[in-house]
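Participant: Here is how the chains run, residue by residue.
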Amino acid sequence: MASQPAKAASTLAPGSAYPGPRFSEGARVHVDSREAIGHCRTPYYVRGKAGTVASLVGIFPNPEQLAYHRPGLPKLPLYRVRFMQAELWEDYAGAADDHLDVDIYESWLEAADA
Amino acid sequence: MSAPTPTTNFRDTDDGRAVHDLGGLAFGPIDKSEHDLALWEKRTDAMLALLFAQAFSVDAMRRTIETYAQQEYEATSYYEKWVKALRNLVVEQGLMTREEVDARFADVRARLRDAGQDVDDGEVSW
Numbered sequence: 001m002a003s004q005p006a007k008a009a010s011t012l013a014p015g016s017a018y019p020g021p022r023f024s025e026g027a028r029v030h031v032d033s034r035e036a037i038g039h040c041r042t043p044y045y046v047r048g049k050a051g052t053v054a055s056l057v058g059i060f061p062n063p064e065q066l067a068y069h070r071p072g073l074p075k076l077p078l079y080r081v082r083f084m085q086a087e088l089w090e091d092y093a094g095a096a097d098d099h100l101d102v103d104i105y106e107s108w109l110e111a112a113d114a
Numbered sequence: 001m002s003a004p005t006p007t008t009n010f011r012d013t014d015d016g017r018a019v020h021d022l023g024g025l026a027f028g029p030i031d032k033s034e035h036d037l038a039l040w041e042k043r044t045d046a047m048l049a050l051l052f053a054q055a056f057s058v059d060a061m062r063r064t065i066e067t068y069a070q071q072e073y074e075a076t077s078y079y080e081k082w083v084k085a086l087r088n089l090v091v092e093q094g095l096m097t098r099e100e101v102d103a104r105f106a107d108v109r110a111r112l113r114d115a116g117q118d119v120d121d122g123e124v125s126w
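Listed in order, the protein sequences are those of chains H and P.
Using the working numbering, the first residue of the first sequence is number 1, and each one after it goes up by one.
Using the working numbering, the first residue of the second sequence is number 1, and each one after it goes up by one.
In short, the hints are calculated from the structure, not lab data.
Hints should not be assumed to be uniformly reliable.
To be verified - Sample of chain H residues at the chain P side, in silico, Cβ under 7 Å:
hint, residue
1, Gly20
2, Glu35
3, His39
4, Pro43
5, Tyr44
6, Pro63
7, Leu66
8, Ala67
9, Tyr92
These numbers come from a predicted model, not from an experiment.
Glycine residues also receive a C-beta, built at the ideal position from the N, C-alpha and C atoms.
Construct all of the structure, not just a fragment, from the sequences and the given hints.
Facilitator: What follows is the structure in structure tokens.
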């Protein structure tokens with residue numbers, strides 16, 4: 001991933017224009033392991049895990065704000081992130097290339113060390 | 001069809017896993033059987049579809065359901081969770097007051113009782 005990622009959307013003032021998705025297809029990303037306070041769409045079992053961006057799903061109002069009747073701006077990129085099953089579950093007994101795709105908003109992702 | 005084996009996996013919200021966030025917990029086999037929807041379930045679906053466009057988002061409904069206590073979350077069905085969220089969000093958004101909702105419940109119960117139907121007087125916590 002590029003060494004100078006764009007400013008995270010979550011730090012922008014409401015209403016400001018979003019500079020564009022930080023991650024491109026194939027980028028290695030790390031899911032934040034912070035506690036979710038209030039509504040959150042990032043499943044517990046992927047927090048702290050690393051995956052690969054499979055695609056950009058779209059750019060949508062932030063559900064963590066929509067949940068409290070706020071406009072959800074700036075909008076956030078939503079990525080489909082691919083995780084290897086063996087990295088998600090201890091003692092995973094399936095095929096080595098089994099994977100799981102999870103849709104995750106950019107505010108939960110950081111560039112993973114290559 | 002056998003009922004799913006009841007299993008309780010305590011979700012400690014202190015570590016950030018909310019009550020609905022079940023991925024990876026050992027709940028046993030999933031009961032995938034379908035059932036016909038009751039009229040009240042279809043009405044709940046229809047009312048929420050209308051309210052989503054006017055009064056609150058699906059995200060607000062999810063947030064409401066995610067705040068149910070674990071015991072209630074595990075004891076209630078899909079549409080029971082929805083209809084309670086509908087009631088609470090209508091009040092939260094100021095479309096009706098809690099007193100108006102309670103009065104309406106009392107009206108409906110009285111009407112059903114007059115019609116000779118069995119009426120459940122149980123209260124659903126707010």
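Participant: Each of the hints needs a verdict: does it hold here or not?
Facilitator: Right, here's what the structure says about each hint:
For H/Gly20, the interface hint is violated, since its Cβ never comes within 7 Å of a Cβ in chain P; the closest pair sits about 24 Å apart. The beta carbon of H/Glu35 is positioned within 7 Å of a beta carbon in chain P (closest approach about 4 Å), and the interface hint is therefore held. Of the supplied interface hints, the one on H/His39 holds, with its beta-carbon coming within about 4 Å of a beta-carbon of chain P, less than 7 Å. Against a cut-off of 7 Å between C-beta atoms, the interface hint on H/Pro43 holds, since the closest Cβ of chain P lies about 5 Å away.
Given the 7 Å rule on beta carbons, the hint for H/Tyr44 holds: about 4 Å separates it from the nearest Cβ of chain P. About 4 Å separates the beta-carbon of H/Pro63 from the nearest beta-carbon of chain P, less than 7 Å, and the hint is met. With its C-beta approaching chain P no nearer than about 4 Å, H/Leu66 sits inside the 7 Å limit, and its interface hint holds. Given the 7 Å rule on beta carbons, the hint for H/Ala67 holds: about 4 Å separates it from the nearest Cβ of chain P.
At a threshold of 7 Å, the smallest CB-CB gap from H/Tyr92 to chain P is about 11 Å, leaving the interface hint violated.
Hints 1, 9, counting from the list given before, are not met by this structure.
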